[in-house]
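Since the structure of chain A is already known, use the hints to place chain B on it.
Number of protein chains: 2
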Amino acid sequence: MKKKKIYEGKTKKLYECEDEAELVQEFKDDAVASSKAKSHSVKGKGALNCQISAQVFRFLDSYHIPNHFIRELSDKEMLVKKLAMIPVVVMVRNVAAGSLVKRYGIAEGRELECPIIEYYLKDDERDDPMINEDHIISFGHATSEEIKEMHRMASKINAVLRAFFRRRDLKLVDIRLEFGRLHGKILLADELSLNTCRIQDLQHMDHGILDGDNKHIQDLLYEIRDRIFLS
Amino acid sequence: MKKKKIYEGKTKKLYECEDEAELVQEFKDDAVASSKAKSHSVKGKGALNCQISAQVFRFLDSYHIPNHFIRELSDKEMLVKKLAMIPVVVMVRNVAAGSLVKRYGIAEGRELECPIIEYYLKDDERDDPMINEDHIISFGHATSEEIKEMHRMASKINAVLRAFFRRRDLKLVDIRLEFGRLHGKILLADELSLNTCRIQDLQHMDHGILDGDNKHIQDLLYEIRDRIFLS
Numbered sequence: 001m002k003k004k005k006i007y008e009g010k011t012k013k014l015y016e017c018e019d020e021a022e023l024v025q026e027f028k029d030d031a032v033a034s035s036k037a038k039s040h041s042v043k044g045k046g047a048l049n050c051q052i053s054a055q056v057f058r059f060l061d062s063y064h065i066p067n068h069f070i071r072e073l074s075d076k077e078m079l080v081k082k083l084a085m086i087p088v089v090v091m092v093r094n095v096a097a098g099s100l101v102k103r104y105g106i107a108e109g110r111e112l113e114c115p116i117i118e119y120y121l122k123d124d125e126r127d128d129p130m131i132n133e134d135h136i137i138s139f140g141h142a143t144s145e146e147i148k149e150m151h152r153m154a155s156k157i158n159a160v161l162r163a164f165f166r167r168r169d170l171k172l173v174d175i176r177l178e179f180g181r182l183h184g185k186i187l188l189a190d191e192l193s194l195n196t197c198r199i200q201d202l203q204h205m206d207h208g209i210l211d212g213d214n215k216h217i218q219d220l221l222y223e224i225r226d227r228i229f230l231s
Numbered sequence: 001m002k003k004k005k006i007y008e009g010k011t012k013k014l015y016e017c018e019d020e021a022e023l024v025q026e027f028k029d030d031a032v033a034s035s036k037a038k039s040h041s042v043k044g045k046g047a048l049n050c051q052i053s054a055q056v057f058r059f060l061d062s063y064h065i066p067n068h069f070i071r072e073l074s075d076k077e078m079l080v081k082k083l084a085m086i087p088v089v090v091m092v093r094n095v096a097a098g099s100l101v102k103r104y105g106i107a108e109g110r111e112l113e114c115p116i117i118e119y120y121l122k123d124d125e126r127d128d129p130m131i132n133e134d135h136i137i138s139f140g141h142a143t144s145e146e147i148k149e150m151h152r153m154a155s156k157i158n159a160v161l162r163a164f165f166r167r168r169d170l171k172l173v174d175i176r177l178e179f180g181r182l183h184g185k186i187l188l189a190d191e192l193s194l195n196t197c198r199i200q201d202l203q204h205m206d207h208g209i210l211d212g213d214n215k216h217i218q219d220l221l222y223e224i225r226d227r228i229f230l231s
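These protein sequences, in sequence, are chains A and B.
Mapping the first sequence onto the working numbering, position 161 (from 1) lands on 161, and the numbers just tick up by one.
Mapping the second sequence onto the working numbering, position 25 (from 1) lands on 25, and the numbers just tick up by one.
Next up, chain A with everything else stripped away, as it sits in the complex (with noise of 0.2 Å):
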């Protein structure tokens, strides 16, 4: 079914398929968390990784919030709708963590009174600066309406995902969403996972807030598949 390879990052690869309109999302074992950090082999990262995505997709699809997610192909591949990419990444954030923390100060595990959304340019050889709408729009990268539509999703799938998170004993720290157009529509793409949410695991707060840096994830990594695989 895979033919070419179009994309390889982190976390991913990308590969053609007989539908043109469709990829396949191939979920690499690849522990990675900032874009500094070495990365790292963990044996079935990959494909619980893809477990988690493909269940939250399922889950947000039952809130109406498209998305490119079609269907599981095996364990650490999924079948999606091709799109147009658009450069950005929305970062919504509940708790202060990363950036937010080294970039303006603020204590690490502060609860925010409402999420900040923030936008990233993708781009490797920048590092993914911060950006702004007035940016997105000048860069050609998204139009007012496409930003605003972002937006209105990235709060929805945040709000959502926070009770998906809490009824299973986990706190949604923050996102990292991207986003693609698809026959002039605004659908929810990349991946859902352990690779993109930081979260904190109220069991055991002690281990703080869960990313690729903490060296608390490998332990917990099939524990918090299991939680969110809880109906």
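These are calculated hints, taken from the structure and not from any lab test.
Nothing false has been slipped in among the hints.
For chains that are exact copies, the list does not tell them apart, and a pair is met inside one copy or across any two.
Derived lysine to any residue pairs resembling SDA-like cross-links, with alpha carbons at most 20 Å apart: (1) Lys102 to Glu133; (2) Lys148 to Asn132; (3) Lys13 to Lys82; (4) Lys102 to Asp134.
Showing chain B alone in chain A's frame:
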């Protein structure tokens, strides 16, 4: 008239007055563009930027743009209203320069179709990181309404000053603005001079974009001042 010094920055000092509702703003001779550049003194620069600032504030008055300027006191001092300052820099860009070039690789001198407005947190220790509306609200620096008002005022100030400079054969490349509160109203504060505006001399386009780092700026200071004072 001047009493205690309450602030000293790279280009200005602020003093308290007899009247507690007012401050004396004194312009220094230090020539500094970016916060990282080493400062060096240029005799007469303080006076020149004080005069330009006063002239531009008076011009904005005539467009009913509320600001802190009261009157000139000497060649390098002006009396201003004491405001509760908002620790945010509002940057309006018409032409790519400075951090827009460095951060996103946009070609220097590229005309922007629409002005880009950016917000920066005033935080010397962290080198004034870029922020967005959500951060400003979350960190408690201004309300959503105040941000909208600063945005509206910044757009208007930019439009009015672009035309003002254009009539004097000068192009306004970008401008950094600071605002404060007085009796629940937002007023433009700080200075409006060659310390805070980047310009291009349309009579000498080969000189490039003029800011503190530009080698031609010393020769052109008085010529530009004289043109700004043309009615």
